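Asker: Okay, here's what each chain looks like letter by letter:
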Amino acid sequence: MGHPKKASKFVANSKRMHWHDKALWFVRERRDLATHQLDEWEELRRVASEIKTHTMDRLDYYLEEFEKNATQKGLHIHWARDAKEHNEIVLNLLLTHGAKRVVKSKSMLTEECGLNPFLEKNGIEIVDTDLGERIVQLRKEAPSHIVLPAIHLKKEEVGKTFEEFLNTQKDNCDPTYLTREARKHLREKFLTADASITGVNFAIAQTGGVVVCTNEGNADLGASLPKLHIASMGIEKVIPRLEELSVFTRLLARSATGQPITTYTSHFHAPIEGGELHIVIVDNGRSDTLSNSDFKESLNCIRCGACLNTCPVYRRSGGHSYGYTIPGPIGSTLGASRDLQANRTLPFACTLCASCSNVCPSKIKLHNQLYRHRQNVVKAGLLGAKKRAILKVSSWVMKHPLLLDFVGLVVRKVVPILPRSIVYSKANIWGRGREVPKFPKKSFKELYKERKK
Amino acid sequence: MKIGLFIPCFMNELYPKASMATLKVLENLGLDVEYPMNQTCCGQPMANSGCYLEAKELAKRFLKIFKDYDYIVAPSGSCVAMVRVNYAQFLEGEEGFEHLKNNTYELVEFLHDVIKPTTMNVSFPYRVGIHNSCHGHRELGMASMSERNFPEFSKIKKILSLVDDIEFVTLRRNDECCGFGGIFSVTQEAISVAMGIDRVNDHLNAKAEVITGIDMSCLMHMQGIIDRQKLPIKTMHIAQILAGEL
Chain B
540 MGHPKKASKF
550 VANSKRMHWH
560 DKALWFVRER
570 RDLATHQLDE
580 WEELRRVASE
590 IKTHTMDRLD
600 YYLEEFEKNA
610 TQKGLHIHWA
620 RDAKEHNEIV
630 LNLLLTHGAK
640 RVVKSKSMLT
650 EECGLNPFLE
660 KNGIEIVDTD
670 LGERIVQLRK
680 EAPSHIVLPA
690 IHLKKEEVGK
700 TFEEFLNTQK
710 DNCDPTYLTR
720 EARKHLREKF
730 LTADASITGV
740 NFAIAQTGGV
750 VVCTNEGNAD
760 LGASLPKLHI
770 ASMGIEKVIP
780 RLEELSVFTR
790 LLARSATGQP
800 ITTYTSHFHA
810 PIEGGELHIV
820 IVDNGRSDTL
830 SNSDFKESLN
840 CIRCGACLNT
850 CPVYRRSGGH
860 SYGYTIPGPI
870 GSTLGASRDL
880 QANRTLPFAC
890 TLCASCSNVC
900 PSKIKLHNQL
910 YRHRQNVVKA
920 GLLGAKKRAI
930 LKVSSWVMKH
940 PLLLDFVGLV
950 VRKVVPILPR
960 SIVYSKANIW
970 GRGREVPKFP
980 KKSFKELYKE
990 RKK
Chain L
8 MKIGLFIPCF
18 MNELYPKASM
28 ATLKVLENLG
38 LDVEYPMNQT
48 CCGQPMANSG
58 CYLEAKELAK
68 RFLKIFKDYD
78 YIVAPSGSCV
88 AMVRVNYAQF
98 LEGEEGFEHL
108 KNNTYELVEF
118 LHDVIKPTTM
128 NVSFPYRVGI
138 HNSCHGHREL
148 GMASMSERNF
158 PEFSKIKKIL
168 SLVDDIEFVT
178 LRRNDECCGF
188 GGIFSVTQEA
198 ISVAMGIDRV
208 NDHLNAKAEV
218 ITGIDMSCLM
228 HMQGIIDRQK
238 LPIKTMHIAQ
248 ILAGEL
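Going down the list, the sequences are from chains B and L.
For any residue, its number in my numbering is found by taking its place in the first sequence, counting from 1, and adding 539.
For any residue, its number in my numbering is found by taking its place in the second sequence, counting from 1, and adding 7.
It should be emphasised that the hints constitute simulated quantities derived from the structure, not laboratory data.
Warning: the hint list may mix true and false statements.
Capping the alpha-carbon separation at 30 Å, the derived lysine-lysine pairs in DSSO-like fashion look like this [unchecked claim]: (1) B/Lys-991 to L/Lys-237; (2) B/Lys-938 to L/Lys-123; (3) L/Lys-123 to B/Lys-980; (4) L/Lys-63 to B/Lys-709; (5) L/Lys-31 to B/Lys-938; (6) B/Lys-931 to B/Lys-545; (7) L/Lys-123 to L/Lys-108; (8) L/Lys-67 to B/Lys-918; (9) L/Lys-24 to B/Lys-988; (10) B/Lys-545 to L/Lys-31; (11) L/Lys-214 to B/Lys-984.
Sample of chain B residues facing chain L (criterion: CB under 10 Å; computed from the structure) [as the list claims (entries may be wrong)]: (12) His-557; (13) Leu-577; (14) Glu-581; (15) Phe-657; (16) Val-852; (17) Ala-881; (18) Thr-884; (19) Cys-895; (20) Tyr-910; (21) Leu-948; (22) Val-962; (23) Lys-965.
Among chain B residues calculated to face chain L with C-beta under 7 Å, some are [unchecked claim]: (24) Met-595; (25) Arg-855; (26) Ser-856; (27) Ser-894; (28) Leu-957; (29) Arg-971.
These figures come from a predicted structure and were not determined experimentally.
By construction, the Cβ of each residue, glycine as well, lies at the ideal position given by its N, Cα and C atoms.
Let's have the full structure, built from the sequences with the hints guiding it.
Answerer: As structure tokens, then:
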């Protein structure tokens with residue numbers, strides 16, 4: 540099922556769709572408020588874009604630099620070609636350390652790699668410790684947003700889920716109560732965990748350390764208690780020097796939620812005493828994207844989610860309608876780069892309004908990427924025979940002005956005298972929710988000719 | 008100065024009044040305007056669907072028809088964005104393309120940037136909501152975008168302010184897409200209509216009597232919703248207001 544079908548299901552519940560739209564628009568407005576307070580906002584975006592582009596152009600150098608400096612600090616670096624290698628490296632580390640229980644803080648990469656089901660199959664208990672992620676994990680759902688994973692759920696639904704899994708009071712959906720219960724539940728998981736897994740927001744080549752940004756402090760707690768900490772990162776997470784970090788930390792939280800900075804910005808530059816810190820650097824298709832000049836800019840993404848919040852289609856179709864790990868404009872381009880066949884409807888889940896490109900803190904021209912993916916969909920013969928035929932015929936008509944005039948004339952004469960049941964038959968998709976325009980007697984061209992006489 | 012009038016294909020067939028109003032606005036300002044008879048479509052529907060080969064043929068055709076005019080003016084931000092922003096991929100290096108790209112204007116933009124009228128000698132005593140169509144807004148830069156951190160401006164509002172007795176309403180979402188999106192309106196019908204309803208309601212809640220804008224396509228989509236739901240508001244192309252049509 541492509542995006543349009545799943546989206547129409549989401550939109551069918553108008554009340555819920557509007558609730559979802561408003562919740563995300565609220566976040567977008569908070570972002571506007573925060574960014575408009577910084578005179579240098581546009582300058583920051585420009586610099587971020589340049590740093591990212593520079594780094595992506597010399598990615599091999601910076602990754603090796605990172606590996607060298609991290610190794611010197613006592614970190615262990617692992618390289619994973621794809622999701623499978625990543626999962627096996629993580630499993631091996633857990634097995635060799637005898638770790639059975641693992642706490643994990645937010646990481647879209649491990650979602651992308653399908654790490655949770657893989658570890659569970661291998662007898663490891665893995666608990667997501669970000670509150671939103673824990674909610675969707677208990678419900679066996681995927682995150683519907685990269686920063687707000689449970690944004691598609693109402694507090695009543697969260698209450699029900701907690702009732703079922705955490706034995707909370709019946710019908711109590713008070714957010715403070717539920718949060719406290721989740722905290723109790725997670726605290727026990729933290730205290731008994733044998734290992735922790737985190738994502739990485741930034742890896743600093745110059746210092747050989749990684750930085751993780753969270754609002755709940757769950758990454759810190761996870762990484763501080765068990766002896767084994769595994770951090771998974773995509774190859775695009777590296778930045779050259781510590782001084783560049785501030786550009787991104789200033790952009791990230793403001794773009795994501797309108798906060799000046801995330802509550803926790805945690806630097807990991809060494810394992811805890813007597814512990815080990817392992818970094819798994821994952822490619823999983825990223826170098827293919829890097830080698831494609833049309834789409835390599837998508838690797839500049841810092842995963843703030845601003846393009847999701849602003850996207851009028853995302854807000855009204857929900858994250859699950861995209862069917863890809865990362866939804867919204869950035870997910871649509873990454874998904875299409877990864878597997879065009881499977882994600883062929885995603886470049887079209889967009890009106891080309893260009894709002895995404897203008898909120899993006901690293902200035903990725905997202906709508907242009909989707910536009911170019913559309914051409915590749917056509918090149919690959921994936922547009923659909925009917926659509927392709929209609930567009931071919933109409934292009935042919937457009938090359939013959941007299942024929943166009945004739946077709947226009949016939950339509951304008953015939954449609955007004957047809958009964959409503961025919962004009963608004965099933966084939967008229969436009970007419971499902973809208974009236975067709977009232978057809979005028981004469982075209983502009985006819986009026987123009989008459990005027991000239 | 009010879010102006011080539013570029014009327015989007017669907018406007019020629021469906022909106023002769025708004026098209027004629029465009030011609031009238033330009034002629035009222037004493038400009039020499041010609042409508043090349045063999046023009047059809049700029050190719051945007053094909054390009055936005057990914058059909059680049061078909062779009063390229065229509066782009067070449069467009070260049071041939073319009074390249075000798077001093078200015079090319081159209082009552083559509085979207086079709087002008089196609090020429091100015093998206094034609095490069097098809098026409099870069101072709102003779103006359105640089106001239107075409109640099110001299111194709113949307114109507115209001117042309118008035119604002121080139122002609123700079125100080126009065127329009129027309130009145131429009133209604134409360135008006137401006138729909139900032141995305142392509143004009145974000146590709147042509149007709150007004151400041153809510154996403155960006157630049158000083159506020161609006162070429163549309165500035166030109167409309169030359170109209171007597173007009174009143175503007177303030178919207179909650181000043182530059183949200185209406186959901187038309189060309190073929191999106193059909194391929195993603197449910198989302199498209201939902202977006203359109205939300206947009207119309209924003210104008211209704213702001214007590215606008217008329218929704219105006221520079222793109223008939225967005226207005227056609229919203230009018231379709233207004234007619235279906237029998238809402239107490241109507242759409243009107245900006246050229247009709249500037250031409251003094253009540």
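Asker: Hints first: check each against the structure and report whether it holds.
Answerer: Verification of the supplied hints:
Among the hinted pairs, B/Lys-991 with L/Lys-237 is inconsistent with the structure: their alpha-carbon atoms are about 38 Å apart, more than 30 Å. Among the hinted pairs, B/Lys-938 with L/Lys-123 is inconsistent with the structure: their alpha-carbon atoms are about 36 Å apart, more than 30 Å. As the CA atoms of L/Lys-123 and B/Lys-980 are separated by approximately 35 Å, the hinted pair breaks the 30 Å bound. A threshold of 30 Å between alpha carbons decides the hint, and for L/Lys-63 with B/Lys-709 the separation of about 63 Å lies outside it, so the pair is violated.
For the hint linking L/Lys-31 to B/Lys-938, the alpha-carbon distance of about 28 Å falls within 30 Å, and the restraint holds. With a C-alpha separation of about 28 Å, the suggested pair B/Lys-931 and B/Lys-545 falls inside the 30 Å cut-off, and the hint holds. About 21 Å separates the Cα atoms of L/Lys-123 and L/Lys-108, which keeps this hinted pair within 30 Å; it holds. Between L/Lys-67 and B/Lys-918, the direct Cα distance comes to roughly 20 Å. Compliance with the 30 Å bound is thereby established for this hinted pair.
As the CA atoms of L/Lys-24 and B/Lys-988 are separated by approximately 14 Å, the hinted pair is consistent with the 30 Å bound. A distance of roughly 46 Å separates the Cα atoms of B/Lys-545 and L/Lys-31; the hinted pair therefore is violated under the 30 Å criterion. Note on L/Lys-214 and B/Lys-984: the hinted pairing is violated, with a Cα-Cα distance of about 36 Å set against a maximum of 30 Å. With 10 Å as the threshold, the beta carbon of B/His-557 comes within range of chain L, its nearest partner Cβ sitting at about 8 Å, so the hint holds.
Interface restraint check for B/Leu-577: the shortest CB-CB distance to chain L comes to about 7 Å, inside 10 Å, so the restraint holds. Interface restraint check for B/Glu-581: the shortest CB-CB distance to chain L comes to about 5 Å, inside 10 Å, so the restraint holds. Checking B/Phe-657 against chain L: minimum C-beta separation of about 34 Å lies over 10 Å; hint violated. Interface restraint check: B/Val-852 against chain L, minimum CB-CB distance 6 Å, threshold 10 Å, status holds.
Using the Cβ-Cβ criterion of 10 Å, the hint placing B/Ala-881 at the interface with chain L is not satisfied: the shortest such distance is roughly 17 Å. Interface restraint check: B/Thr-884 against chain L, minimum CB-CB distance 9 Å, threshold 10 Å, status holds. For B/Cys-895, the interface hint holds, the least distance from its beta-carbon to any beta-carbon of chain L being 9 Å, beneath 10 Å. Satisfaction of the interface hint for B/Tyr-910 is found here, the shortest Cβ-Cβ separation to chain L being roughly 7 Å, below the 10 Å cut-off.
The interface hint given for B/Leu-948 holds, since its Cβ lies 9 Å from the closest Cβ of chain L, which is under the 10 Å cut-off. Because the smallest distance between the Cβ of B/Val-962 and any Cβ of chain L comes to about 13 Å, over 10 Å, the interface hint for this residue is violated. Below 10 Å, beta-carbon pairs count as interface contacts, and B/Lys-965 has none with chain L, the closest being about 12 Å; its hint is therefore violated. Given hint, B/Met-595 at the interface with chain L, is violated; its Cβ is 23 Å from that chain's nearest Cβ, farther than 7 Å.
For the restraint placing B/Arg-855 at the interface with chain L, the shortest Cβ-Cβ distance is roughly 5 Å, inside the 7 Å limit, so the hint holds. Checking B/Ser-856 against chain L: minimum C-beta separation of about 6 Å stays under 7 Å; hint holds. At a threshold of 7 Å, the smallest CB-CB gap from B/Ser-894 to chain L is about 6 Å, leaving the interface hint in force. Because the beta carbon of B/Leu-957 sits about 16 Å from the nearest beta carbon in chain L, more than 7 Å, this interface hint is broken.
Annotation: interface hint on B/Arg-971 holds; nearest CB of chain L at approximately 6 Å, less than 7 Å.
This entry does not satisfy hints 1, 2, 3, 4, 10, 11, 15, 17, 22, 23, 24, 28, going by the numbered hints stated previously.
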